[in-house]
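Number of protein chains: 2
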Amino acid sequence: MSSPLKLYLAGPEVFLPDARAVLDEKAAMTRAYGFEPICPGDLVIPPAPTKHQFGLNISEIDESFMNRADGVIANLTPFRGIAADPGTVFELGYMCGAGKIVSAYTNVVETHFDRTLAWYDGKLTRDADGRMRGSDGHSLEDFEMIENLMLHGGVVRRGGHIAIHKASPDRLYHDLTAFEECLRVLAEKR
Amino acid sequence: MSSPLKLYLAGPEVFLPDARAVLDEKAAMTRAYGFEPICPGDLVIPPAPTKHQFGLNISEIDESFMNRADGVIANLTPFRGIAADPGTVFELGYMCGAGKIVSAYTNVVETHFDRTLAWYDGKLTRDADGRMRGSDGHSLEDFEMIENLMLHGGVVRRGGHIAIHKASPDRLYHDLTAFEECLRVLAEKR
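These protein sequence lines map, in sequence, to chains E and G. Residue 1 is where the first sequence starts when you use the UniProt record's numbering, and the numbers rise one by one after that. Residue 1 is where the second sequence starts when you use the UniProt record's numbering, and the numbers rise one by one after that.
FYI, nobody ran anything at the bench for these hints, they're computed from the structure. Some hints here could point you the wrong way.
Each pair may be met inside one copy or between any two copies, as identical chains are not told apart.
[Unchecked claim] Here are the simulated DSBU-like cross-link-like pairs (lysine-lysine), alpha carbons at most 35 Å apart as the crow flies:
| id | residue 1 | residue 2 |
| --- | --- | --- |
| 1 | K51 | K166 |
| 2 | K123 | K189 |
| 3 | K123 | K51 |
| 4 | K6 | K123 |
| 5 | K166 | K123 |
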């Protein structure tokens, strides 16, 4: 028997009041599909003389976790705004750049374009080239994707799965339906 | 003479009304410091039958540009919210994962913590462990960094430079002072 694929579970869960419980639930589900979970929350951070150095220590350990993993499932559900958590986005990019297996999910059904349109209160203009622009003149992408094309495209072009699920607002960071869909697709591919 | 280092110029400039002019200015400045610029705006995208496929084509070309580059200078100035443009964040992560030279800058002096605090209108609570949390219960990082620790830490831990400059609001995406600082530091290291 070959050893199970190791999956890094990237997402904003680390910021939740019940981070430990949610990460444990994701880890248990990952094991149930025959994979080995690697959670950013599992780290023991060496003490540091400054806040800044402590942050660097977390970065180092999280990167070592990613280096040890064979792939990532990234939770791209919007966090503190219209976009995914930047830490998670960095990690998805890191795993793409390192040639690992990638997949991603979101717990909202509104596309990247829908959310950007809402950012501009639904008001757009067209420039001379027919390009859509917001009130600040910045152009909008409409590629029917859940996030900026580098993220969504980076996953799809590697044959990775994108799961989209409409979670209830009070379960936005706890609903694991889309996460489980990623696990199922990965398990079927093995 | 060795060939010049190739630098990928990541940032939200591609969305500006005068994207071409700003990217040209960044490219010229990059050449003036002895590097070869690679701009995401320089791509010619093959036509595609769907918007989605067109987005995938851009993703493919931008990644090929990154693969060709030796390093990246990422503009992490907040874009459409309190965080950097997700496409740029992905690209910084990608270049870290691929083992390239990395540096980053921002045109605001407020830290990641400052901006997150403002997101919560300056109102925080402390949980039982003394952790700072916003009104939604999500915890805040305070590591004296310009962005999420994975981004700032990923650059610093690789010996990369982080440039911070206070641009005037009307020049937020046009002021190249911090960008030039990254070029100067890279040139000095050569």
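Quiz item: Which earlier hints can't be squared with this structure?
Solution: 2, 4
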